[in-house]
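J.: Each chain is listed here by its residues.
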Amino acid sequence: MSKISNKINFGNYFEDFKIGQKIIHPLPRTISEGDVSLYIAFTGSRFSLHSSDIVAKEFGYKKRPLDDLLMFHLTFGKSVQDISLNAIANLGYAEISFPNPVYVGDTVSMSSTVIGLKENSNGKSGVVYVHSIGVNQNNEEVLNLKRWVMVHKKDHSTRSDINEVPNFDKTTKILDEINLPKISSVNTDASGGKYFFEDYEVGERLNHPEGITVDDSDHTLATKLYQNNAKVHFNDHMMQSTPMKQRLMYGGVVISMARTASYNGLQNAQWIYSINSGTHSNPTYAGDTIYAYTEILEKIDHKREDIGLLRLRTIALKNLSSNEIEDAKGEDGKYLPNVVLDLDYTVIIPKKSTKK
Amino acid sequence: MSKISNKINFGNYFEDFKIGQKIIHPLPRTISEGDVSLYIAFTGSRFSLHSSDIVAKEFGYKKRPLDDLLMFHLTFGKSVQDISLNAIANLGYAEISFPNPVYVGDTVSMSSTVIGLKENSNGKSGVVYVHSIGVNQNNEEVLNLKRWVMVHKKDHSTRSDINEVPNFDKTTKILDEINLPKISSVNTDASGGKYFFEDYEVGERLNHPEGITVDDSDHTLATKLYQNNAKVHFNDHMMQSTPMKQRLMYGGVVISMARTASYNGLQNAQWIYSINSGTHSNPTYAGDTIYAYTEILEKIDHKREDIGLLRLRTIALKNLSSNEIEDAKGEDGKYLPNVVLDLDYTVIIPKKSTKK
Amino acid sequence: MSKISNKINFGNYFEDFKIGQKIIHPLPRTISEGDVSLYIAFTGSRFSLHSSDIVAKEFGYKKRPLDDLLMFHLTFGKSVQDISLNAIANLGYAEISFPNPVYVGDTVSMSSTVIGLKENSNGKSGVVYVHSIGVNQNNEEVLNLKRWVMVHKKDHSTRSDINEVPNFDKTTKILDEINLPKISSVNTDASGGKYFFEDYEVGERLNHPEGITVDDSDHTLATKLYQNNAKVHFNDHMMQSTPMKQRLMYGGVVISMARTASYNGLQNAQWIYSINSGTHSNPTYAGDTIYAYTEILEKIDHKREDIGLLRLRTIALKNLSSNEIEDAKGEDGKYLPNVVLDLDYTVIIPKKSTKK
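Residue numbers (this note's numbering), protein chains in the order written: chain A, 1 to 356; chain B, 1 to 356; chain C, 1 to 356.
Hint data in this document are derived by calculation from the structure and do not stem from the laboratory.
It is possible that some hints are incorrect.
Copies of the same chain look alike in the list, so a pair counts if it works inside one copy or between any two.
With a straight-line cut-off of 25 Å between C-alpha atoms, the simulated SDA-like cross-links for lysine to any residue are [as the list claims (entries may be wrong)]:
1) Lys57 with Gln137
2) Lys231 with Glu324
3) Lys352 with Arg205
4) Lys194 with Gln21
5) Lys352 with Asn179
6) Lys3 with Asp342
7) Lys63 with Glu140
8) Lys63 with Asn90
9) Lys231 with Thr279
10) Lys63 with Val104
11) Lys62 with Lys124
12) Lys18 with Thr188
13) Lys194 with Lys329
14) Lys245 with Asn338
15) Lys57 with Asn179
16) Lys334 with Ser160
17) Lys231 with Ile24
18) Lys62 with Tyr103
19) Lys7 with Glu324
20) Lys303 with Pro243
21) Lys194 with Ile19
22) Lys22 with Asn323
23) Lys118 with Pro181
24) Lys63 with Pro181
25) Lys22 with Glu58
26) Lys57 with Val104
The task is simple: from the sequences and hints, build the whole structure.
T.: The structure is reproduced here in structure tokens:
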């Protein structure tokens, strides 16, 4: 006669969260060369800063820093167990920044503070707003983000009517101090691109030509590597009894594929300064081919003379080449069915004066 | 006119084995950070000891030791070429222990001694019993195991009638000395679990909720990484002409998936002391989703005051959630069709006094 | 109103190449332990020199050198963007050599010189001949190769009638100096093979028994790891509108699978000295099982007393076991449909005197 244990962690429900509550996410993660190679295998990423120690040293780094998005996935994955395991939907994110570079050998960990709660009128669920901070082994911030998710309530009969919704900046604030070595010269033979800050103009649209197909092993290996344990990405047996009938790709995989595609045309924009907002407008499944195009939304001067920032909107598409679509949304203002990501983010790109 | 070479190694047949024979398996293997990352990508494993150098150092290690099962697969894989390439079936294993930790940079190798032989009455095959020992570059034991496999005979017309069957202990002997640093404190924020030796009771059953689907690339990449060259796992063309009609998943992949699932409820049981016995009760193929539940069979006190041991029975299931099955076997005493693994093993878990 | 950017790199067309032109390929690549582990996961390679630091040190290396083919893929991949992105066909290669070993931590880069151009009579395309050299961070050559590809013309109405075709040696010249430590002893327990230079004879044929099935994730992960961005390997959506109706496997993946299969029978031939020529006679797709057989074409004595060279012809087959085919070509002189690779290459193998 076995006795069913009460030691299983089923994640948090809406009622488990309180404003001001701090959650330390388990599972600090030491980053290895294996993670870096796997990320290249998953994406085919071609940014030279993350490919070559020599390029990194020319930029003033001690060695290759991690691709910002790889660091994001490895750090963010820790928060899923506590925040979004019972999520109905990941509704949004804002004010994401990457304050310090991360290197192989660093150990990253993550904690979150609940900054908002809103019970839904149906009494069955609510929205949880958190501010999450990732740090390295020296307690230096490497990731700073806010996000909100809709989670189930445990008990549909009780009501709190809580409605504390925080405000978010439309774009992540750009600081005067950026932790990036002063760039004296950019080796365009290495980066593969000859365009700099001054070359881009607002309204310019880059139709990235490459499309990459993602298979089940690709996206599940990646998401397991990130120790993101949201069941929808892994459990085909469970998903068979949902309308999706298959595993859903982790949205972060789509962001990475879009960023990789953006290399062609933005070869020297090797640093993500911030992610301002993002919408995963349609689901992505194994077998889908991901394309992307990018619009230059804004050119941002910085007090530093070696760099500028470009605020970009990258649209990721499934099974539709970037030159076959004019607008991400139809006349009704809704996203077209092949549009899977609408990402508003800001990158750092050197100025012409740094051209070697 | 080409001449067919006689230099091909087709593996050993029953007649090639002699009692007392020692076999040095080729291919010592230096373990890398890449192996560690790939193992996390294959399994999504979340045990903190193997995820973070900082956690490992808090436990008294110099850095992350290898996950015991990753070390097992990398070491064990070497023996397939000599022992089980012509196996009809891997019948069983016993008295498996993990005497010393293994680290990235170590080089492991494996040798085996034949300890039993039993010719089958049909004259076509026989059972070979071996005692295999894996060592690191300093000749320290890192794996000690016994197993028995049924292999083909080369010549069905000859008979040896050999019948020397060794005895095996029902459970691996637990030694007074365990090569594990004295545990002064356990960081439960890092491990993600708050339960310790004293909290578990015999008869308790943990229904691990996570299920993970395994695809063809996942299991073949893993088994190739382990340099396990048993053809049934890799050669779809050959398998098409067998009743299975597809590649069979290496049983070690199933053990790893079950161990990973067991994290939820056993977060602080981060060390496998021994594997006492195991049965691969049904085959597993690509597309199967692996679930698991665990029964606490025995609580074992140790002369050390910081730790205790739990003897566990973990049942792995395919395409059936752990709360949907009461018993692994039906009324006829046979395993139910969704039961793919019945593993009897012993883990080490710190005592409450170590709780940080 | 967005303005379509002109910053996209669509690769070079026939008119973009000039005799004598030197192209520095972007994206120098630092090689990591992750690359090494992934290569073993892709291939299951069992050559002991690349598996064990201890074996490598016994041979006189400081640590495991990279598998020659892994180095080839990582270096070669850089040239695709500039040379063969618009290739109609990769027609051939010649005089490939591996002058110096490469280690984890090295950074490799690649440049090419145009050594021949031939416009096709149809006016739509032409053949480009390049001499490509890969170097490490100390500018030491690690790869030297010539290849020719057929690429599209941008403008079909113009004619240059250029017809400068270089000559290639039938086999790569063998130098008196080989950058390989003097081999004092070979540990055959580690290598798994007991045959040496003297044991092989011209005309001998080794039917390697292992077949390995390659899936979509396997070959696309590998080709992305090599940062080879030829679209035919990745973009299933685009390939659906071609006669192939699916992604084409990178020919280098087939070469690696054939080399891995050749381990069984050639365990001590751990160094590729050169690739003399190669033909990818039929396409390979996901789901194909790759087998191989090898013929000894030539035994080449070297002034060094510890080693000899074997010129080999390895035929890779899809979905056909190596003992089921007598000749790669039919009576009409054409390759049979299951033959996917005909590789003429030269390996280094120690002499009997080195046997431990």
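J.: When no copy is named, should lysine 62 and lysine 124 be tagged within, between, both, or neither for a Cα gap of at most 25 Å?
T.: neither (51 Å within a copy, 49 Å between copies)
J.: Between the shortest in-copy and the shortest cross-copy C-alpha distance, which are at most 25 Å for lysine 231 and isoleucine 24: within, between, both, or neither?
T.: within (21 Å within a copy, 43 Å between copies)
J.: Give the relationship of lysine 231 and threonine 279 under a CA distance limit of 25 Å: within one copy only, between copies only, both, or neither.
T.: within (21 Å within a copy, 28 Å between copies)
J.: Classify it for me, lysine 62 with tyrosine 103: is the Cα-Cα distance of at most 25 Å met within a copy, between copies, both or neither?
T.: Answer is both; intra-copy 9 Å and inter-copy 20 Å each pass.
J.: When Cα atoms must be at most 25 Å apart, do lysine 63 and proline 181 count as within-copy, between-copy, both, or neither?
T.: within (12 Å within a copy, 30 Å between copies)
J.: For lysine 57 and glutamine 137, with the copy left unspecified, which applies at a CA distance of at most 25 Å: within, between, both, or neither?
T.: both (22 Å within a copy, 12 Å between copies)
J.: Is it within, between, both, or neither for lysine 63 and valine 104, if the alpha carbons may be no more than 25 Å apart?
T.: For lysine 63 and valine 104, both the intra-copy (9 Å) and inter-copy (14 Å) Cα distances are at most 25 Å.
J.: What label fits lysine 57 with asparagine 179 when the C-alpha limit is 25 Å: within, between, both, or neither?
T.: within (15 Å within a copy, 29 Å between copies)
J.: Evaluate lysine 303 and proline 243 at a C-alpha cut-off of 25 Å and name the case that applies: within, between, both or neither.
T.: For lysine 303 and proline 243, the Cα distance exceeds 25 Å both inside one copy (51 Å) and across copies (55 Å).
J.: Given identical chains, is lysine 118 near proline 181, meaning Cα to Cα at most 25 Å, within a copy, between copies, both, or neither?
T.: Neither: 42 Å inside a chain and 47 Å across chains, both beyond 25 Å.
J.: Have a look at lysine 352 and arginine 205 and pick one of within, between, both or neither, based on CA distance no larger than 25 Å.
T.: Classified as within: same-chain Cα gap 20 Å, cross-chain 60 Å, threshold 25 Å.
J.: Classify it for me, lysine 194 with lysine 329: is the Cα-Cα distance of at most 25 Å met within a copy, between copies, both or neither?
T.: neither (32 Å within a copy, 48 Å between copies)
Checked against the numbered hints given earlier, this structure breaks hints 8, 11, 13, 16, 20, 22 and 23; the rest are met.
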